[in-house]
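Student: Based on the sequences and whatever the hints tell you, model everything.
If you want my numbering, it's the position in the sequence shown, counting the first as 1, plus 7.
No false leads were mixed into what you were given.
Across the chosen pairs, the derived CB separations fall in these ranges:
1) Pro40 <-> Leu14: 20 to 26 Å
2) Met19 <-> Ala49: 14 to 20 Å
3) Arg13 <-> Tyr60: 27 to 33 Å
Derived by calculation from the structure, the hints in this document are not laboratory data.
Ideal placement from N, C-alpha and C gives every residue a C-beta, glycine not left out.
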Amino acid sequence: MTTLRRLAPWLMLGPVTGPLAEGIYRNIRAKNPGLASLYAVAVAVTWYDLATYGGGAVMTLKHWFL
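Tutor: Okay, structure coming up:
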């Protein structure tokens, strides 16, 4: 239950973007800019995928691995 309470405000951004944005925030506060930048790249890739393919690349990867 505590994990849901911790993530609840971030989930307002979206089911994928929210946890990634939370990862950016936590790693910046922990003074770990390398990992925060990797989270930022993941956010940019998901936004690009959503804008270009409507989330199709994520669905393709899901079908490959499941």
